[in-house]
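Using the numbering used here, read the sequence shown as starting at 278 and increasing by one per residue.
The set of hints was computed from the structure by calculation and includes no laboratory data. One thing to keep in mind: the hints can contain errors.
[Stated by the list, open to error] In the DSSO-like style, the derived pairs of lysine-lysine whose C-alpha atoms are separated by at most 30 angstroms in a straight line are:
{"hint": "1", "residue 1": "Lys411", "residue 2": "Lys382"}
{"hint": "2", "residue 1": "Lys335", "residue 2": "Lys387"}
{"hint": "3", "residue 1": "Lys335", "residue 2": "Lys388"}
{"hint": "4", "residue 1": "Lys335", "residue 2": "Lys360"}
{"hint": "5", "residue 1": "Lys360", "residue 2": "Lys387"}
{"hint": "6", "residue 1": "Lys397", "residue 2": "Lys360"}
{"hint": "7", "residue 1": "Lys387", "residue 2": "Lys411"}
{"hint": "8", "residue 1": "Lys388", "residue 2": "Lys411"}
{"hint": "9", "residue 1": "Lys360", "residue 2": "Lys388"}
[As the list claims (entries may be wrong)] Using C-beta positions, here's what the derived DEER-type ranges look like:
{"hint": "10", "residue 1": "Pro343", "residue 2": "Thr406", "range": "17 to 25 angstroms"}
{"hint": "11", "residue 1": "Lys411", "residue 2": "Met362", "range": "19 to 27 angstroms"}
{"hint": "12", "residue 1": "Asn399", "residue 2": "Gly368", "range": "18 to 26 angstroms"}
{"hint": "13", "residue 1": "Ser308", "residue 2": "Leu383", "range": "19 to 27 angstroms"}
{"hint": "14", "residue 1": "Lys411", "residue 2": "Glu372", "range": "30 to 38 angstroms"}
{"hint": "15", "residue 1": "Pro343", "residue 2": "Lys411", "range": "26 to 34 angstroms"}
C-beta: ideal position from N, C-alpha, C; glycine also.
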Amino acid sequence: MKYIASLLLGLVLLSCNTTTTQEGAETSSLSNAEISFENPIHDFGAITEGDQVSHAFKFTNTGTDPLQITAVNVSCGCTVASKPMGMVGVGQSDEIVINFNSTGKLGVNKKTVAVLSNAKNNSEVLSFTAVVSKAEGDTETENL
Numbered sequence: 278m279k280y281i282a283s284l285l286l287g288l289v290l291l292s293c294n295t296t297t298t299q300e301g302a303e304t305s306s307l308s309n310a311e312i313s314f315e316n317p318i319h320d321f322g323a324i325t326e327g328d329q330v331s332h333a334f335k336f337t338n339t340g341t342d343p344l345q346i347t348a349v350n351v352s353c354g355c356t357v358a359s360k361p362m363g364m365v366g367v368g369q370s371d372e373i374v375i376n377f378n379s380t381g382k383l384g385v386n387k388k389t390v391a392v393l394s395n396a397k398n399n400s401e402v403l404s405f406t407a408v409v410s411k412a413e414g415d416t417e418t419e420n421l
């Protein structure tokens, strides 16, 4: 009897978490958070090999629910990204900071950072570029 009561309670709770579209199909409830970046692209320009540069990608929660950044995934081990630890309230702003280490990255570098969240637009891609030149007087690299 407890099993049946638990099963019925579970079904009732699940039915509360669905919505019906105009076409009549059921879909899971989605958060109404929305992440809007000021500028999802950054150009570091010309830098010297070995430089470590950083940039803060600023964003605002333009939705109607709190925003949770669940993950930031970088495309290269030369990049580290940090995300807000808590929820970002409606109308609030925060930032995702990336750090790029140019050691061993001579030439044009185009890197991406995938931002995953509970927002309607739950997957956003940030990108940056840098043109890395060898350091003057770097005889070790010149002899390679």
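Hints versus structure:
1. Note on lysine 411 and lysine 382: the hinted pairing holds, with a Cα-Cα distance of about 9 angstroms set against a maximum of 30 angstroms.
2. Restraint check for lysine 335 and lysine 387: the C-alpha separation of about 20 angstroms stays at or below 30 angstroms, so the hint holds.
3. Taken as a hint, the lysine 335 and lysine 388 pair is honoured in the structure, with Cα atoms around 18 angstroms apart against an allowance of 30 angstroms.
4. For a cut-off of 30 angstroms, the pair hint linking lysine 335 to lysine 360 stands: about 11 angstroms separates their Cα positions.
5. Only pairs whose Cα atoms come within 30 angstroms are accepted, and lysine 360 paired with lysine 387 is accepted, the gap being roughly 21 angstroms.
6. Between lysine 397 and lysine 360, the direct Cα distance comes to roughly 18 angstroms. Compliance with the 30 angstroms bound is thereby established for this hinted pair.
7. In summary, the hint linking lysine 387 to lysine 411 is supported, as the alpha carbons are separated by about 17 angstroms, within the 30 angstroms threshold.
8. With a CA separation close to 19 angstroms, the supplied pair lysine 388 and lysine 411 stays within the 30 angstroms bound.
9. With a C-alpha separation of about 17 angstroms, the suggested pair lysine 360 and lysine 388 falls inside the 30 angstroms cut-off, and the hint holds.
10. For the hinted restraint 17 to 25 angstroms between proline 343 and threonine 406, the CB-CB distance of approximately 33 angstroms leaves it violated.
11. Distance hint check for lysine 411 and methionine 362: the Cβ-Cβ separation is about 38 angstroms, which falls outside the suggested range of 19 to 27 angstroms.
12. At about 19 angstroms, the CB distance of asparagine 399 to glycine 368 agrees with the hint of 18 to 26 angstroms.
13. Taking the beta carbon of each, serine 308 and leucine 383 are about 43 angstroms apart, not inside 19 to 27 angstroms as hinted.
14. Distance hint check: the CB atoms of lysine 411 and glutamate 372 are about 31 angstroms apart, consistent with the given range 30 to 38 angstroms.
15. In this structure, proline 343 and lysine 411 break the distance hint of 26 to 34 angstroms, their C-beta atoms being roughly 46 angstroms apart.
Violated hints for the displayed structure, listed by number in ascending order: 10, 11, 13, 15.
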